[in-house]
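J.: Here is how the chains run, residue by residue.
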Amino acid sequence: MSLSLNHLKTLESEAIYVIREAAAQFQNPCILFSGGKDSIAVTYLAKKAFYPAPIPFPLVHVDTGHNFPETIAYRDQLVAKLGVRLIVGSVQESIDKARVAEEKGFNASRIRLQTTTLLDTIEEFKFDCALGGARRDEEKARAKERFFSHRDEFGQWDPKNQRPELWNLFNGRKHVGEHFRVFPISNWTELDVWQYMAMEGIDLPTLYYAHKRKVFERDGVLLAESEHIPMKPNEKPEERLIRFRTIGDITSTGATVSVAATIDEIIQEVASTRITERGGRADDKRSETSMEDRKKEGYF
Amino acid sequence: MFDSNSYLNMELMRFTTAGSVDDGKSTLIGRLLYDSKSIFEDQLENIRATSERRGENYVNLALLTDGLRAEREQGITIDVAYRYFSTPKRKFIIADTPGHIQYTRNMVTGASTANLAIILIDARNGVVEQTRRHSLIASLLGIPHIAVCINKMDLVDYSQEQYDKIVKDYRDFAARLKVKDIHFLPISALNGDNVVTRSTKMPWYEGVTLLYLLETVHIAGDTNHIDARFPVQYVIRPYNDEFHDYRGYAGRLSSGVLRPGDRVTILPSGLQSSIKAIEMDGKELQEAFAPMSVTVLLNDDIDISRGDMIVRDNNKPQVEQDIEAMICWMGDQPLRPDGKYALKHTTRDARAVVKDIKYKLDISSLHRITDNPVISANDIGRISIRTTAPLMYDPYTRNRETGSFILIDEGTNVTVGAGIILD
Numbered sequence: 283m284s285l286s287l288n289h290l291k292t293l294e295s296e297a298i299y300v301i302r303e304a305a306a307q308f309q310n311p312c313i314l315f316s317g318g319k320d321s322i323a324v325t326y327l328a329k330k331a332f333y334p335a336p337i338p339f340p341l342v343h344v345d346t347g348h349n350f351p352e353t354i355a356y357r358d359q360l361v362a363k364l365g366v367r368l369i370v371g372s373v374q375e376s377i378d379k380a381r382v383a384e385e386k387g388f389n390a391s392r393i394r395l396q397t398t399t400l401l402d403t404i405e406e407f408k409f410d411c412a413l414g415g416a417r418r419d420e421e422k423a424r425a426k427e428r429f430f431s432h433r434d435e436f437g438q439w440d441p442k443n444q445r446p447e448l449w450n451l452f453n454g455r456k457h458v459g460e461h462f463r464v465f466p467i468s469n470w471t472e473l474d475v476w477q478y479m480a481m482e483g484i485d486l487p488t489l490y491y492a493h494k495r496k497v498f499e500r501d502g503v504l505l506a507e508s509e510h511i512p513m514k515p516n517e518k519p520e521e522r523l524i525r526f527r528t529i530g531d532i533t534s535t536g537a538t539v540s541v542a543a544t545i546d547e548i549i550q551e552v553a554s555t556r557i558t559e560r561g562g563r564a565d566d567k568r569s570e571t572s573m574e575d576r577k578k579e580g581y582f
Numbered sequence: 015m016f017d018s019n020s021y022l023n024m025e026l027m028r029f030t031t032a033g034s035v036d037d038g039k040s041t042l043i044g045r046l047l048y049d050s051k052s053i054f055e056d057q058l059e060n061i062r063a064t065s066e067r068r069g070e071n072y073v074n075l076a077l078l079t080d081g082l083r084a085e086r087e088q089g090i091t092i093d094v095a096y097r098y099f100s101t102p103k104r105k106f107i108i109a110d111t112p113g114h115i116q117y118t119r120n121m122v123t124g125a126s127t128a129n130l131a132i133i134l135i136d137a138r139n140g141v142v143e144q145t146r147r148h149s150l151i152a153s154l155l156g157i158p159h160i161a162v163c164i165n166k167m168d169l170v171d172y173s174q175e176q177y178d179k180i181v182k183d184y185r186d187f188a189a190r191l192k193v194k195d196i197h198f199l200p201i202s203a204l205n206g207d208n209v210v211t212r213s214t215k216m217p218w219y220e221g222v223t224l225l226y227l228l229e230t231v232h233i234a235g236d237t238n239h240i241d242a243r244f245p246v247q248y249v250i251r252p253y254n255d256e257f258h259d260y261r262g263y264a265g266r267l268s269s270g271v272l273r274p275g276d277r278v279t280i281l282p283s284g285l286q287s288s289i290k291a292i293e294m295d296g297k298e299l300q301e302a303f304a305p306m307s308v309t310v311l312l313n314d315d316i317d318i319s320r321g322d323m324i325v326r327d328n329n330k331p332q333v334e335q336d337i338e339a340m341i342c343w344m345g346d347q348p349l350r351p352d353g354k355y356a357l358k359h360t361t362r363d364a365r366a367v368v369k370d371i372k373y374k375l376d377i378s379s380l381h382r383i384t385d386n387p388v389i390s391a392n393d394i395g396r397i398s399i400r401t402t403a404p405l406m407y408d409p410y411t412r413n414r415e416t417g418s419f420i421l422i423d424e425g426t427n428v429t430v431g432a433g434i435i436l437d
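Here the protein sequences come in this chain order: A and B. Sequential numbering of the first sequence, starting at 283, is according to my numbering. Sequential numbering of the second sequence, starting at 15, is according to my numbering.
These aren't lab readings, by the way, just hints derived from the structure by calculation. Please note: incorrect hints may appear among the correct ones.
[Stated by the list, open to error] Computed spacing ranges between beta-carbons, pair by pair:
#	chain 1	residue 1	chain 2	residue 2	range
1	B	Asn313	A	Ser286	51 to 57 Å
2	A	Ser554	B	Asp346	44 to 50 Å
3	B	Glu66	A	Met513	29 to 35 Å
Don't be surprised by glycine CBs; every beta carbon is placed ideally from N, CA and C.
Bound conformation, chain A alone (with noise of 0.2 Å):
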């Protein structure tokens, strides 16, 4: 008998852990749910950690409007099969309301008008918690995160005064108007979600399988032919073989060449990787530390 865990179902008992502790600690807690993978993880997880409850909080998609038509049908199968709440926060309202301006130029993008909406939704619903599929190894700041990581009533997140985070003790306390965001899969790889996907038979949305698409490099990163990113007289869209790393808005979401058609695939190609997941991210690209600089103002 060997009472010994791989570090799959490692991460995955404490993924549960925190998940759990999210729904003890706090009053009104929801999933925020991008339709990438590791929102997915998070989804699947959370289902796992009640069973045979339902997840018992909501699932908030900030929605940009520049969407993959593929994650809103996925979106609105995983609800249907998990029979969970869905609320949409969108940042099509938010302009039309004038809560915030839409982007001019050519890189338009509505990554940070997201930010407005999804306070906004946070502030509407009154959620105290907002559980996200965001990883440390992900991105530099996001190394620094907390699993329970405080926000004060503005939603903003304050790097340099963090609370230590010590054995697996969560503090979730906090004042009338803050709220928390919790990262249950904190200590998982872009290898490890796959692994897990692979291990539990999940199924993703296609876009992560490769595929035919038309597409067109702009600074060295492929974007998606579509409605929604203007294009430059001398970009030339031309069917390519492949598939995205990361999903995020249609606008900011570089492919990969690829021919990683299935998970086993996939994980091979990851494995053996040397450029990293977000290195196709047209949002992360903007400066040195635009991913602090969203964070801080209360981006997931």
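Put chain B on the given structure of chain A with help from the hints.
T.: Using the frame of chain A, we list chain B on its own:
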């Protein structure tokens, strides 16, 4: 070729690195990541460009871990950063703790969950005050394994004599600490000697490389598999027709093993029952052991809520309101004698009042300061507390999960103390 089945047998290992400002800690981590091919090309390109722009002569590997704007601007590390890499044998989580500011707070945080601590010594300087501080904290936090890396061997001509002297000095000092397993390695992080590949410069060294040690040191035995402790985290009640009477106790085993049929006692009430089933995601398990998250169902209908603990009838923890502990202080304001704090222990919340400050520890000399001790930020001391509700605990040396607690300032809600429960 990556073997897609091997990852199902990989263990997870957490280690922390401790070192002073210029002892080459960042270089060592950079070397481990680089030689194990865990640094990506765009990351390397990014830090190369940043180093160049800042007029630095070499690729500054510290930029890999220093991610915050203030850290990059000031060239300092503010907070614990977590790094990940894996080899075909293990997956590693590094808690990289800064050496100079809020030093105790950060190292205690990183050490609290670590299987192993790497303690770096500059071969030119030998055992210094920082070495003693790091080792004391590693010992106090019960890190089972310590790898003492004597770094910069290249700067002492790979001298065996110098290495042996440092090893002897360290052993003399460490004899006063409680560390189960100490390893010594002569390395040069800058040149890669004995980090991932064996050095050809030190034929006198017959031991293993650091990476080999990290991959093979036996950690499965670090978990306490004797004392079954199941703090109830959350009660699952589906409230639907299919699972009408379902009442599941969700939690993660702190230690030990539970099986269906086991006779159990619920603490603090003392009520008894037996385990009907152990489940995860609707599947019944034949056994559950630490650190598994599961749901436990009992044969009797008794009132159990979050903060209670399920244990075996014949192996119970202490159930007390008066607790003796070492406290690592992290608050900006000193620990208040007679002060009241919120306390978190396992899944249990209580309030605690400080009854007595017995002494403060001089972290370098290990002397006990008993004359009017004031415990300020980054100090460690011994205290007695009384809690509003009983805690179900084991001594920390026996159980890191049930032997630890945190204190929270009730006004600011900030975590101000890390408590280690004594026998």
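J.: Please test the hint of 29 to 35 Å on the beta carbon pair from B:Glu66 and A:Met513.
T.: holds, 33 Å
J.: Taking the Cβ atom of B:Asn313 and the Cβ atom of A:Ser286, is their distance within the range 51 to 57 Å?
T.: Once the Cβ atoms are compared, 29 Å apart, the range 51 to 57 Å for A:Ser286 and B:Asn313 is violated.
J.: State, for the Cβ atoms of A:Ser554 and B:Asp346, whether the hinted interval 44 to 50 Å holds or is violated.
T.: holds, 47 Å
Checked against the numbered hints given earlier, this structure breaks only hint 1.
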